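Colleague: Given the coordinates of chain A, assemble chain B onto it according to the supplied hints.
There are 2 protein chains.
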Amino acid sequence: MKLYDVARSGNCHKVRMLLAQLSLPHEIVAVDLPGGETKLPAFLKLNPRGQVPVLEDAGEIIWDSQAILVYLARKQSDETWLPTAPLTMARAMQWLAVSENEILYGLARARAALHFKAPWSVADSQALGTQALILLETHLTQREWLAASHPTIADIACYPYVALAPRAGLSLDAYPAIVAWIRRIQAWPNYTGMPGMF
Amino acid sequence: MKLYDVARSGNCHKVRMLLAQLSLPHEIVAVDLPGGETKLPAFLKLNPRGQVPVLEDAGEIIWDSQAILVYLARKQSDETWLPTAPLTMARAMQWLAVSENEILYGLARARAALHFKAPWSVADSQALGTQALILLETHLTQREWLAASHPTIADIACYPYVALAPRAGLSLDAYPAIVAWIRRIQAWPNYTGMPGMF
Numbered sequence: 000m001k002l003y004d005v006a007r008s009g010n011c012h013k014v015r016m017l018l019a020q021l022s023l024p025h026e027i028v029a030v031d032l033p034g035g036e037t038k039l040p041a042f043l044k045l046n047p048r049g050q051v052p053v054l055e056d057a058g059e060i061i062w063d064s065q066a067i068l069v070y071l072a073r074k075q076s077d078e079t080w081l082p083t084a085p086l087t088m089a090r091a092m093q094w095l096a097v098s099e100n101e102i103l104y105g106l107a108r109a110r111a112a113l114h115f116k117a118p119w120s121v122a123d124s125q126a127l128g129t130q131a132l133i134l135l136e137t138h139l140t141q142r143e144w145l146a147a148s149h150p151t152i153a154d155i156a157c158y159p160y161v162a163l164a165p166r167a168g169l170s171l172d173a174y175p176a177i178v179a180w181i182r183r184i185q186a187w188p189n190y191t192g193m194p195g196m197f
Numbered sequence: 000m001k002l003y004d005v006a007r008s009g010n011c012h013k014v015r016m017l018l019a020q021l022s023l024p025h026e027i028v029a030v031d032l033p034g035g036e037t038k039l040p041a042f043l044k045l046n047p048r049g050q051v052p053v054l055e056d057a058g059e060i061i062w063d064s065q066a067i068l069v070y071l072a073r074k075q076s077d078e079t080w081l082p083t084a085p086l087t088m089a090r091a092m093q094w095l096a097v098s099e100n101e102i103l104y105g106l107a108r109a110r111a112a113l114h115f116k117a118p119w120s121v122a123d124s125q126a127l128g129t130q131a132l133i134l135l136e137t138h139l140t141q142r143e144w145l146a147a148s149h150p151t152i153a154d155i156a157c158y159p160y161v162a163l164a165p166r167a168g169l170s171l172d173a174y175p176a177i178v179a180w181i182r183r184i185q186a187w188p189n190y191t192g193m194p195g196m197f
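As given, the protein sequences belong to chains A and B, one line each in that order. Under numbering that gives the first Met the number 0, read the first sequence as residues 0 to 197, first letter to last. Under numbering that gives the first Met the number 0, read the second sequence as residues 0 to 197, first letter to last.
Pulled out of the complex, with its shape left as it was, chain A reads as follows (with noise of 0.2 Å):
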């Protein structure tokens, strides 16, 4: 299995830190955003929207960390990662789509506009970025896995870039249960965190 990586990419750490909870060997092809790697065509035959990360696994290709993650944890013989009951899987996938919506173009959008010169507004993300937030706070104050009683892919898929908070320019001190899901997370075996993580 490789996965096609840039280290400081959130979506990355996604996938990364799945494979280390499913113990799955692999091998990391870095590639070169800031040279312009995955816009040249050698990439973009991996992945046609020029985006990190990709998975290759027995010849397939699959794009899209929100898809590697159903990959992976579908691979599993048991459903810990990804219940497959309707509403157990429905759970799932509303706080994944959470990560790809308020979470990437709110608290990434920040963070990339403030340390990457992306070209996105920062008071427009920063303001996406604490909807999810306040969303995630409401939700954490009652329980402490977003979609089941134990973590699946709806944790690993918003953990990175709201860990990333304070890079995005958003202080987690008003927000006491999403610092408790962190800190839950940072207790898992084979936890590896990402510079500027709270």
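Hints listed in this document are in silico derivations from the structure and should not be mistaken for laboratory results. Please note that a few of the clues may not be correct.
[Claimed, not checked] Where chain B lies over chain A, by a calculated footprint (3+ residues, C-beta under 8 Å):
hint: 1; region: 50-63
hint: 2; region: 78-86
hint: 3; region: 92-101
[Said to hold, decoys possible] A few chain A residues that face chain B, going by a derived Cβ cut-off under 8 Å, partial list only:
hint: 4; residue: Pro47
hint: 5; residue: Ala66
hint: 6; residue: Val69
hint: 7; residue: Tyr70
hint: 8; residue: Arg73
hint: 9; residue: Lys74
hint: 10; residue: Ala89
hint: 11; residue: Tyr104
hint: 12; residue: Leu134
hint: 13; residue: Ser148
The model shown is predicted, which means the values in this text are computed figures rather than measured ones. Positions of the beta carbon are idealized from the N, C-alpha and C atoms, including for glycine.
Modeller: Same frame as chain A, now just chain B:
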């Protein structure tokens, strides 16, 4: 089953389409979006994001169109609309992700900015929407359906805002494979369209 619905919403239309394909009896609850109903406390109790669609089934509330599609597909005894084999499910998720990213933040936002006084940049949204169209056109040139050899929720998730591309100020004339896919969907039994669709 109750669907909290806004007639002009493409995200609601996804759910209406799958309910029709599954022949599931349901009640439509019309939500007054222009009147601000989605931001009122009663609605926010259903969906803290303040958005339609919301599904109520057997006392459970599910928000987010992607989560609702997964819920309804998983409720069926067969796997037609959402296969659970790892690779096929990952393929479906790739296109759900596109529907939440390039399509929603591109095509849907351009339409909302042009016709519903939404504050997004028309040019930026159209640029992202064009990426979605190019991605879909390339993919559909080689196959009939997005994620499998038959229609899945991936097709439904991508369909409404793509068929509404002309309302986003983007012509579909240069995308024959997309047009053919739209026509295949429109030939489904129980198909119903929306005003402004190609």
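Colleague: Does the structure break any of the earlier hints, and which numbers would those be?
Modeller: When the structure is compared with the hints, only number 13 turns out to be violated.
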